[in-house]
Amino acid sequence: MSLPFLITAFVTLFAAAAAMSLRNLVHCALAFVVVFAGLAAMYLQLGAQFAGFAQILVYVGAIAILIVFAILLTRSGETPNQAVLAPGWLAGMMISAGVFATLGWLVLNSKALPKGSSEAPVVTVKNIGDVLMNKYVLPLEIIGLLLTAAMIGAVVIALKEPSKTDYSGRKT
Amino acid sequence: MTPLQVCLLVSALLFAIGFAGAVTRRHAILALVGIELMLNAANLNLIAFWRFGPNPGALAGFIFVLFSMALAAAEAAVGLALIIAIYRHKKTSNLDEVKELKG
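Each protein sequence line maps, in turn, to chains A and B. Residues 0 to 171, numbered by numbering that gives the first Met the number 0, are exactly what the first sequence covers, in order. Residues 0 to 102, numbered by numbering that gives the first Met the number 0, are exactly what the second sequence covers, in order.
Just so you know, the hints here were simulated from the structure itself, not pulled from any lab data. Treat the hints with caution; some may be incorrect.
Stated by the list, open to error - Footprint (simulated), chain A over chain B, 3 or more residues, beta carbon under 8 angstroms:
| hint | segment |
| --- | --- |
| 1 | 6 to 18 |
| 2 | 29 to 37 |
| 3 | 43 to 56 |
| 4 | 64 to 70 |
| 5 | 90 to 99 |
Said to hold, decoys possible - Pairs of lysine-lysine, DSBU-like flavour, derived with a Cα cap of 35 angstroms:
| hint | chain 1 | residue 1 | chain 2 | residue 2 |
| --- | --- | --- | --- | --- |
| 6 | B | Lys98 | A | Lys159 |
| 7 | A | Lys159 | B | Lys101 |
| 8 | A | Lys159 | A | Lys134 |
Each residue gets a CB set at the ideal place from its N, CA and C atoms; glycine is no exception.
All chains should be built: construct the whole structure from the sequences, respecting the hints.
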């Protein structure tokens, strides 16, 4: 594997560890943006240009902004005084280490991994549009419906509820 | 190690980090961020299998990643709306303090 890919992977993993371990939530959100940008760079190096740019648009452009808004709306921007870890954190760390050990052992010892071609496949936007509009048109429509439903649902959930005093006859 | 194995190891480590964060942190937003990291690790796996697989011209893994990104966006929007609604009701976003449904 090429050296730039390894450097990108290292930066991404370091930023992921920082995002999960820093105390201040705003710093976590910034590290999170670095993780997404690093993943987009890895997609670019793997020959998936469209996925890389979609990653930047969707994650850095939308989800990171949403997370920053949620942090500020719940007033958790300052560094907390009490513990930031849940009570059973040691068990959680051990389970996640076990997950990584299992996955790593399987990846290193599996005989089922494909021996594919090493030259990068040529993917143009025209190809992607062709496939999306012919073979995968039904999933595309379903994703559109799901995004609409999720948007309406998010608005309804986060909507300000009418105050109780409105129904009791008193002036608010 | 082949390039595919390097990609898979990186994504396994990213998945483990996201899992550890989602399980061990008390803040609800960070649990959601951990779940997003796990989704991204799965996306990296799909891209790697598409790139080094036997038939990259079919674009199956690539399209899968695009759909998965759309799902992640919907999930983040609904999850953050839930966190804001819970904060408005209970004035907290610590997962330990929201336990009305605990048996």
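Against the structure, the hints come out as follows:
no.	hint	in the structure
1	6 to 18	holds (count 12)
2	29 to 37	holds (count 6)
3	43 to 56	holds (count 11)
4	64 to 70	holds (count 6)
5	90 to 99	holds (count 3)
6	Lys98/B / Lys159/A	holds (23 angstroms)
7	Lys159/A / Lys101/B	holds (26 angstroms)
8	Lys159/A / Lys134/A	violated (42 angstroms)
Violated hints amount to a single one, hint 8; each of the other numbered hints is respected by the structure.
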